[in-house]
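Chains as they are written, first to last, in our numbering: chain A, 1 to 477; chain B, 1 to 234.
Fair warning: there could be bad hints in the mix.
As the list claims (entries may be wrong) - Simulated crosslink set (DSSO-like; lysine-lysine; CA at most 30 Å straight-line):
1) A:K265 with A:K164
2) B:K225 with A:K268
3) B:K202 with A:K99
4) B:K225 with A:K280
5) A:K30 with B:K202
Think of the hints as simulated: they come from the structure by calculation, not from any bench.
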Amino acid sequence: MAHLRPYPASDKHMTPLDFPGARVEDWQQKGVEKLGEMLQKYRSLQVYMDICVKCGACADKCHYYLGTGDPNNMPVQRAELLRGVYRRYFTPAGKLFPKLVRATEFDETTLQKWFTYFHQCSQCRRCSVFCPYGIDTAEISMAAREIMDAIGVGHKYTTEIVGKVHSIGNNLGIPGPALTGTLQFLEDDLLDTTGHEIRLPLDQEGADVLLITPSADFFSEPHISSLMGYAKVFHQAGISYTFSSYASEAANFGMFIGSYAQKQKIAKRIADKARDLRVKRIVVGECGHAWRVAYSFWNTLNGPFDFLDPNYPVPQHICEFTHQLNERGALVFDKEANDDLTVTFHDSCNVARASRMGASSGGQFEIPRALIRATANKFVEMDADTIRERTFCCGGGGGLLTDELMDLRVRGAMPRVTALKRVMEEDGVNYVALICAICKAQFNKILPMYGIPMETVGGVHALVNNAIQIGAKRGIV
Amino acid sequence: MLALIAYLALLTFIFGFGWRIWTYWRAPAPLKIPTTPAPVCKSGVVWRMFTEVAFFNSLFKGNKWTWLGGYLFHAALALVLIRHLRYFVQPLPEAFAYIQTVGIIAGLAMVGGLGFLLVRRFWVARTRYISSFADYAILALLLAIGVTGLLMQYVFRPDIVEIKSAMLGWVTFQGFPTPSDALFVVHFLLVLALMFVFPFSKLMHLGGIFFSPTRNQVDNPRERKHVNPWAVVE
Ligand code: SF4
Ligand code: SF4
Ligand code: SF4
Numbered sequence: 001m002a003h004l005r006p007y008p009a010s011d012k013h014m015t016p017l018d019f020p021g022a023r024v025e026d027w028q029q030k031g032v033e034k035l036g037e038m039l040q041k042y043r044s045l046q047v048y049m050d051i052c053v054k055c056g057a058c059a060d061k062c063h064y065y066l067g068t069g070d071p072n073n074m075p076v077q078r079a080e081l082l083r084g085v086y087r088r089y090f091t092p093a094g095k096l097f098p099k100l101v102r103a104t105e106f107d108e109t110t111l112q113k114w115f116t117y118f119h120q121c122s123q124c125r126r127c128s129v130f131c132p133y134g135i136d137t138a139e140i141s142m143a144a145r146e147i148m149d150a151i152g153v154g155h156k157y158t159t160e161i162v163g164k165v166h167s168i169g170n171n172l173g174i175p176g177p178a179l180t181g182t183l184q185f186l187e188d189d190l191l192d193t194t195g196h197e198i199r200l201p202l203d204q205e206g207a208d209v210l211l212i213t214p215s216a217d218f219f220s221e222p223h224i225s226s227l228m229g230y231a232k233v234f235h236q237a238g239i240s241y242t243f244s245s246y247a248s249e250a251a252n253f254g255m256f257i258g259s260y261a262q263k264q265k266i267a268k269r270i271a272d273k274a275r276d277l278r279v280k281r282i283v284v285g286e287c288g289h290a291w292r293v294a295y296s297f298w299n300t301l302n303g304p305f306d307f308l309d310p311n312y313p314v315p316q317h318i319c320e321f322t323h324q325l326n327e328r329g330a331l332v333f334d335k336e337a338n339d340d341l342t343v344t345f346h347d348s349c350n351v352a353r354a355s356r357m358g359a360s361s362g363g364q365f366e367i368p369r370a371l372i373r374a375t376a377n378k379f380v381e382m383d384a385d386t387i388r389e390r391t392f393c394c395g396g397g398g399g400l401l402t403d404e405l406m407d408l409r410v411r412g413a414m415p416r417v418t419a420l421k422r423v424m425e426e427d428g429v430n431y432v433a434l435i436c437a438i439c440k441a442q443f444n445k446i447l448p449m450y451g452i453p454m455e456t457v458g459g460v461h462a463l464v465n466n467a468i469q470i471g472a473k474r475g476i477v
Numbered sequence: 001m002l003a004l005i006a007y008l009a010l011l012t013f014i015f016g017f018g019w020r021i022w023t024y025w026r027a028p029a030p031l032k033i034p035t036t037p038a039p040v041c042k043s044g045v046v047w048r049m050f051t052e053v054a055f056f057n058s059l060f061k062g063n064k065w066t067w068l069g070g071y072l073f074h075a076a077l078a079l080v081l082i083r084h085l086r087y088f089v090q091p092l093p094e095a096f097a098y099i100q101t102v103g104i105i106a107g108l109a110m111v112g113g114l115g116f117l118l119v120r121r122f123w124v125a126r127t128r129y130i131s132s133f134a135d136y137a138i139l140a141l142l143l144a145i146g147v148t149g150l151l152m153q154y155v156f157r158p159d160i161v162e163i164k165s166a167m168l169g170w171v172t173f174q175g176f177p178t179p180s181d182a183l184f185v186v187h188f189l190l191v192l193a194l195m196f197v198f199p200f201s202k203l204m205h206l207g208g209i210f211f212s213p214t215r216n217q218v219d220n221p222r223e224r225k226h227v228n229p230w231a232v233v234e
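The following block holds chain A by itself, in its conformation from the complex (with noise of 0.2 Å):
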């Protein structure tokens, strides 16, 4: 089947990160050692290899395997392709009787296996959800990438990515005066359509905020729109803030990798900026991965942020920070303003299922809703098996949103898209609002296919951008 399997990474690709050229000589050595290595340094990769009891919960759970109906996809076997490794190598029963546990040797076919199908998992974490250990094959995926990176067999999409990050900024490899010249265009925009000086800052020093947003809200549609929804935002609340043009990207693809080394690296270009520019928060935009390292790694990547205001946390969502000026009365919305949409809502899984917003648990699902009440009059849930933390994934997480996968996105948005499809017959739902660049550029090309309007997508703060009244109100520091 074609675009099915990523492209191999090549030189050019693999050295700037640090990773081998090519395929190594003894790869077979190098990875089962790399394996060893990585069962030391990772508690989660050491008891998921023990501990699957193949009890199959998690079967039919993956959006890939309902999609593609390949039982490799499923995450129990997708893990069984490095567990055979690891007991064929690091168990005394896989050492003495290969066969009767099915223990693999790290050979040709199953190396071919795992450059196919650790490329097949978003790593949205939806089977450890309903896995009675909390196995999290996702935490699989990355250590399975990340061996085989270590041997020279790298996936090319993801390390050109990260590859564009270190040497221009962000992953569309946006250069800066680029970036100069889109937000001076946009604020333009902005004058002509609201009568009002609302500015997209560049690099400015001693601004309140620094705004982290993934590169795609400048410059891909629909994404921009959310963009300018921040701004609007940051204008009427009357709160200083800036981009930067060094750190551009809020996206980390080092996740994706499974590689440390290059979170930390890819992260640090954030904390350094931060501390350069005199900012006192960090705000993330709309996506779902980003958010996932923000939130989640940041603190221990680059931490302690002590340099900034401890009254707020540390990264905070866009979605937070709107949500509390809201609440004190900073922003007036006319929901009318969005009348002609039914509003549905797909939690991304980075956001659902790794992340928070908000003091309390679940937090993550409650503030982007509430956001969305506030800014338009109806809005409908998707079926309760596929919201929240058993949210399906968009299809291109993961590192899999590019045309080389087409044919796997295309059928891992198989089982979003018919929860969707769902509400747009029975509730007449028009409008998909989301929180997360991926999914945005994923359902954008993949809806089409499905006969969905590419209007449907948007961000969550599309609808801030169109309700908020400039001026209504004055804002409040």
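Fit chain B with the ligands to the known structure of chain A by using the hints.
Chain B with the ligands in isolation, oriented as in the chain A frame:
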């Protein structure tokens, strides 16, 4: 001969289990990875763990039938094990009188649950696909233990006094003579086999679950810096 095997099994179990736990213990959890929504405080985590261990919460969400079979088996097994303490404790506390009947009924439930799980493993194409010889073997072994136990309970009653003194001798490392009842010896041998494989098999989920970072971590990475011991950088 039996005594030798029995001691080997007991020691393998104790040290093997300890060794696996030590492996989990010493591996660091470099990053915060709880599956959310997760508790934001320690007591919440204890509660989450308790519901997982006592009620198999996540499995219930995952698959009702598997939950039913699995829960029946595990709950019954727990009761059976408690009842079996009567063969290892001297003098016997009074409370044991009350769980006698419950324990015996649990024996039936346990075999029923196991049978269900085995049939399901064969029957459902998905689980058949993921099952290896070892998966069937462990179920079969547990079933055989259960069935021999039930046979002793309902059909061929062995000499309990003789068995109890042997068992007491075994677990206190004072040596023991092989009991005369053949059915018991078979039952005992099967249990020893289970003890041998336990630390090297998926049965380690018994200890491993407590080390699962997605379940045992507090969701508070913004409030408290979580330190990765192998990447302390400046
Ligand atoms: S639900 Fe967990 S234990 Fe069951 S098969 Fe899946 S990964 Fe293994
Ligand atoms: S993490 Fe998501 S994509 Fe990966 S195996 Fe689990 S359910 Fe499937
Ligand atoms: S792209 Fe969106 S839906 Fe897909 S894994 Fe990421 S957060 Fe989940």
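Tested hints:
The suggested pairing of K265 of chain A with K164 of chain A holds, with an alpha-carbon distance near 13 Å, which does not exceed 30 Å. Between K225 of chain B and K268 of chain A the alpha-carbon distance is near 16 Å, which keeps this suggested pair within the 30 Å criterion. Distance hint between K202 of chain B and K99 of chain A is fulfilled; the C-alpha atoms sit about 16 Å from each other, no more than 30 Å. Taken as a hint, the K225 of chain B and K280 of chain A pair is honoured in the structure, with Cα atoms around 18 Å apart against an allowance of 30 Å.
Taking the CA atoms of K30 of chain A and K202 of chain B, the gap is about 27 Å. The hint holds against a cut of 30 Å.
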